[in-house]
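Peer 1: Here is how the chains run, residue by residue.
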Amino acid sequence: GEQVEQRPPHLSVREGDSAVIICTYTDPNSYYFFWYKQEPGAGLQLLMKVFSSTEINEGQGFTVLLNKKDKQLSLNLTAAHPGDSAVYFCAVSAGGSALGRLHFGAGTQLIVIP
Amino acid sequence: GPKVLQIPSHQIIDMGQMVTLNCDPVSNHLYFYWYKQILGQQMEFLVNFYNGKVMEKSKLFKDQFSVERPDGSYFTLKIQPTALEDSAVYFCASRSGRRSDYTFGSGTRLLVI
Chain A
1 GEQVEQRPPH LSVREGDSAV IICTYTDPNS YYFFWYKQEP GAGLQLLMKV FSSTEINEGQ
61 GFTVLLNKKD KQLSLNLTAA HPGDSAVYFC AVSAGGSALG RLHFGAGTQL IVIP
Chain B
1 GPKVLQIPSH QIIDMGQMVT LNCDPVSNHL YFYWYKQILG QQMEFLVNFY NGKVMEKSKL
61 FKDQFSVERP DGSYFTLKIQ PTALEDSAVY FCASRSGRRS DYTFGSGTRL LVI
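So the sequence lines, in the order shown, correspond to chains A and B.
The first sequence begins at 1 in this note's numbering and counts up by one.
The second sequence begins at 1 in this note's numbering and counts up by one.
Take the hints with a grain of salt, since some may be wrong.
Said to hold, decoys possible - Derived pair list, reagent style SDA-like, types lysine to any residue, alpha-carbon separation capped at 20 Å:
#	chain 1	residue 1	chain 2	residue 2
1	A	37	B	63
2	B	53	B	63
3	A	37	B	3
4	B	3	A	18
The hints are simulated quantities; they were obtained by calculation from the structure and are not laboratory data.
The task is simple: from the sequences and hints, build the whole structure.
Peer 2: This is how it looks when you write it as structure tokens:
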């Protein structure tokens with residue numbers, strides 16, 4: 001079955017620096033890819049969903065790159081601020097799975113130091 | 001935006017007892033999910049539920065687990081009897097369609113002692 005590896009597990013950066021989180025997956029049939037943000041005591045907040053190969057998507061203060069050839073998904077926070085401190089999860093689902101079970105990475109605890 | 005509410009947020013229970021975790025999904029959503037996250041590990045899929053039936057379950061969904069959504073009320077996960085290894089955070093999620101985005105709840109932190 002699908003295996004999703006996420007690194008690093010912990011990341012501390014100074015305000016204004018960039019932060020990069022990377023996930024690799026194993027199932028070549030994976031089709032939908034997600035980044036979620038989880039703040040303490042809250043549910044998962046969807047940051048971005050991507051499904052095209054070698055796609056760069058820009059959100060508010062972050063960029064997501066999907067490289068299907070290398071089976072890699074990355075999240076790059078371009079200029080981190082303290083409000084970005086949270087746990088970030090990648091998740092993957094197969095397009096053929098009609099009911100869309102998600103396979104999650106183990107999460108990255110990001111701390112942004114003011 | 002619309003939210004998935006999970007009740008209770010924390011639960012401590014003696015091993016062997018029954019526990020019911022409640023999820024109030026987004027009102028027009030049709031697909032419901034439970035995920036389990038043991039401390040320090042990734043979230044893992046337990047089960048999904050649609051049209052009153054379990055559609056898919058993982059090997060983590062033991063015989064002691066059951067789900068239901070009677071009369072469109074709470075979507076519940078029942079564990080009977082509980083075991084120490086059931087201690088985890090359980091997340092409920094719902095979505096309106098097969099290609100729609102998930103809405104996740106904040107989780108129920110279950111501690112079995």
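Peer 1: Checking against the hints above, which ones are violated?
Peer 2: 1, 4
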